[in-house]
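Enquirer: One letter stands for each residue in the lines below.
There are 2 protein chains.
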Amino acid sequence: MVVMAYHLLGAPHRLFSLGTFVEMLSAAKSTISEDLGFMRQAFDRFRLGKVETLPGAAGGVRYLPLRGKERIRQLVEELCQRLRDPTRLLPGGFLYTSDLTSTPRYATELGEALAGFFDETRPDVVLTMEVKGIPLALMAARAFDVPMVSIRRGAHVTEGPAVSVNYVSGSSRTVQSMTLPLRAVVAGAKVLFIDDFLRGGGTARGVFDLMREFQAEVKGIGVLIETTTPRQKMIDRYVSLIEFGGVNERGEILVSPSRWL
Amino acid sequence: MVVMAYHLLGAPHRLFSLGTFVEMLSAAKSTISEDLGFMRQAFDRFRLGKVETLPGAAGGVRYLPLRGKERIRQLVEELCQRLRDPTRLLPGGFLYTSDLTSTPRYATELGEALAGFFDETRPDVVLTMEVKGIPLALMAARAFDVPMVSIRRGAHVTEGPAVSVNYVSGSSRTVQSMTLPLRAVVAGAKVLFIDDFLRGGGTARGVFDLMREFQAEVKGIGVLIETTTPRQKMIDRYVSLIEFGGVNERGEILVSPSRWL
Chain A
8 MVVMAYHLLG
18 APHRLFSLGT
28 FVEMLSAAKS
38 TISEDLGFMR
48 QAFDRFRLGK
58 VETLPGAAGG
68 VRYLPLRGKE
78 RIRQLVEELC
88 QRLRDPTRLL
98 PGGFLYTSDL
108 TSTPRYATEL
118 GEALAGFFDE
128 TRPDVVLTME
138 VKGIPLALMA
148 ARAFDVPMVS
158 IRRGAHVTEG
168 PAVSVNYVSG
178 SSRTVQSMTL
188 PLRAVVAGAK
198 VLFIDDFLRG
208 GGTARGVFDL
218 MREFQAEVKG
228 IGVLIETTTP
238 RQKMIDRYVS
248 LIEFGGVNER
258 GEILVSPSRW
268 L
Chain L
8 MVVMAYHLLG
18 APHRLFSLGT
28 FVEMLSAAKS
38 TISEDLGFMR
48 QAFDRFRLGK
58 VETLPGAAGG
68 VRYLPLRGKE
78 RIRQLVEELC
88 QRLRDPTRLL
98 PGGFLYTSDL
108 TSTPRYATEL
118 GEALAGFFDE
128 TRPDVVLTME
138 VKGIPLALMA
148 ARAFDVPMVS
158 IRRGAHVTEG
168 PAVSVNYVSG
178 SSRTVQSMTL
188 PLRAVVAGAK
198 VLFIDDFLRG
208 GGTARGVFDL
218 MREFQAEVKG
228 IGVLIETTTP
238 RQKMIDRYVS
248 LIEFGGVNER
258 GEILVSPSRW
268 L
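Line by line, the protein sequences give chains A and L.
Numbers 8 to 268, taken from the numbering used here, label the letters of the first sequence in order.
Numbers 8 to 268, taken from the numbering used here, label the letters of the second sequence in order.
A few of these clues could be false.
Since the list gives no way to pick out one identical chain from another, each pair is judged satisfied if it fits inside one copy or across any two copies.
To be verified - Once the Cα atoms are required to be at most 35 Å apart in a straight line, the calculated DSBU-like pairs of lysine-lysine come out as:
no., residue 1, residue 2
1, 76, 226
2, 240, 36
3, 197, 240
4, 36, 226
No lab work stands behind these hints: they were computed from the structure.
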């Protein structure tokens, strides 16, 4: 049973046929089924995600890392607590978050939490903008067993033929460009965009434009932190985990779980 | 048992006290111990890594993702096969590898494979150079349950006080700079440097210089691909998984598992 758990947990969303396990473990199909039943119950009971069995010849079993709302909220509260440390405030109204998003435990849980909002979508690829969004995007991609693709800032690229688009950075109001190798996303792909920070939404807007050039469709946007101002973003639909309202007159950093939690 | 597997597998190298599981599962300590024994045996038998029990009050149980040599070699052979696709050749003698290193399954297995070389070292932090090394470094960091830190190219930085050093890029022979926020690495830290590509070793040399400024020590260097020329690198000790010998007269890409496998 732990061997099956090892494989299922290590590759969320990937479908394993029962035959794979029958062969791997030299066990009867009925034993495998029974063990999977126990596993499903245990995961349900402890809210560790879902073990899903699909019937039929093309069927099998897979693991979906659905974390409970409470667990996500608890994690986000813990992060907010750490983000309130005044030394995290950076010039330009940014917060130092790299140490948190690059800690594998946080990256995994936050990536899975963001992925959870788009469980119905089943993206073909998870996109992000270099650099700080990469750990979250990789872990969200892992939750869906799909590739992660990171868009490069600027027009320079060393990865073969590429598409660049210009975008207006929501924060600095300057025109910048973003570049993606032509082969990185195929036409018709369903794309989930994950990033660490959303202010005006200019970057996300640029991602929409870029994906139009690839004939791919942005099915969802998930960010770790959004600023409360401007309230009106350049994009309509997105989810965030944390809202950041700047600093109050006492010098306190205003962060709280977002309205989606 | 699967619940314990869930927690142990999800946080490699993290020590869980038996009491944690006793409480979580409302089970007797003897039952927990017995189940961990079964788990250890199953993981040994199927070479899925090691379940290690440490005795004493400060003891507990942890999971070490040691992959068998054969499994690593098999994975690397599979990657080499994919890398031989002639469309992967980029101007300047580089190979297009982002799609592979950003695929969560590969990133996980390759990151764990690289981490495995430094199991005795137990680094405090896994460093990488942005951008392409990040997925591998994050997964290597995950295997050690330590933070990942990515060095930025150039001297521009928006993450507070930072240290920059110059380095000579081994490939272009130009002087460049790399920057890391002061708070990203603490003095005395044992550092593992993970990157996707090693040619001359100039970047790795720069990382040594940078870590000297942080009073941290580079305990190991692991790269996915090294070029066979120049054979003499600017660093002495490192490991790689794949050797890349350029292109032969028939236009074939020469890649093979490295001499460490």
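Enquirer: Give a verdict on every hint.
Expert: Comparing the hints with the structure gives:
1. 76 x 226: within (22 Å within a copy, 40 Å between copies)
2. 240 x 36: Answer is neither: 53 Å inside a copy and 53 Å across each miss the 35 Å cutoff.
3. 197 x 240: within (22 Å within a copy, 43 Å between copies)
4. 36 x 226: Neither: 38 Å inside a copy, 47 Å across copies.
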